[in-house]
Amino acid sequence: MFTRRNIALCASSVAAHIGGNGRYINSLIESSSKMPSLNLDVYAIKYEIKSKRLRKICYLKRNDNINYIPVNGIPLAFLLNFADLSFAFNLMNKIKPKITSYDVIHFNQMQMPKIVDFFLNNHENIVYTLHHPWTFDLKENNDKIFWHSAVKFDKINALKIPKIITVSKDSKRKIVKDYNVIPEKIHVVYNGIDTDRFKSFEDIQKNENQVLFVGDTTNKRKGFNILFNAFKKFVLKEIPEAKLHVVGKQKGLVDRSVYYHTFISDEELVKLYNSSMLTAVPSVYEAFSYPCVESMSCGTPVVASSNGGIPEVVGDNKTGLLSGLDEKSLADNIVYLLENQNVTREMGRTGIKRAREYFSLEKMLQETIKVYNR
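Take the sequence shown: its position 112, counted from the start at 1, is 112 in full-length UniProt numbering, and no numbers get skipped.
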């Protein structure tokens, strides 16, 4: 453990409600706030730091050792394809006067290679969190011009930057394969959550037959279409009383058994995890899965796909059930857990232990600091 080290966290977005990147940054901020000997300057888009609405749902409270430095840029939620680029150009000028005062400069998400060159030429300890190679996004998105550039820039950066953090062993394998990065400089650090916030509450009663989905319903990668169809075609035939609660935007997929919740706080999310019998995570690909960990930490088992880093998070037949992406297999696992509550309760208890042992904020920060110190 080091003392009085100054860290620049170049975060771009701190919007935890948008996706895993935002949650990752919030986790680093929150865990660092509990370590007064660690001084953290968070460089993020000005709009998000100033937003009162985001303050309600993100960990943007100020501590003596946490300082937020606004950078002009386009808010990520408004114009995704140009948000990181606009942020990167302004970041260089913002950080330049203080660059020698930092012991570590930690980037999250893609930056322009020329800007990365500036930092590599002016600082010796650069760390880059690469959640997964963007080759998958290139295949799945229509905006081929942007994503071709993103993959190209990301690969250049990954080859240049001496220390890379990624969030699962599966992601590390893909970075090595798709970007030709040597495995020795890639360090796996699992994401962490506040297990004292995401926890089981005995006074919150489980609603029989309630299934929960947490994620971006508009992103094909999250697999909400697969879940919706599985629920409507198969689950409701077996259990007509089943209800699907969705934390995400209403996408036009409407059914009287489906309930949507948008823009909710962590406290409200914890209540939904606790009141649900299981959480469904039918992702086409996830390098890691926050909903899996959050659900397990609340004592609620998971029905998920066996893709990407999910099997590293969910213990199959221990803290949940894993399957392929076909609607019938997903539905069968959901029905099984809804109909076998003894199994569901046991998986819930095991999930709490697993989340606390492997996916706490403290564990995440400890492993991140080890990378800083290498």
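Just so you know, these hints were derived from the structure itself, not from any lab.
Be aware that one or more of the hints could be misleading.
Stated by the list, open to error - Okay, derived cross-link-like pairs now, BS3-like style, lysine-lysine, Cα gap no bigger than 25 Å in a straight line:
no.: 1; residue 1: Lys251; residue 2: Lys237
no.: 2; residue 1: Lys220; residue 2: Lys139
no.: 3; residue 1: Lys152; residue 2: Lys163
no.: 4; residue 1: Lys251; residue 2: Lys220
no.: 5; residue 1: Lys163; residue 2: Lys199
no.: 6; residue 1: Lys206; residue 2: Lys243
no.: 7; residue 1: Lys363; residue 2: Lys353
no.: 8; residue 1: Lys251; residue 2: Lys199
Okay, which hints does this one fail, numbers in order?
-> Those not satisfied are hints 5 and 8.
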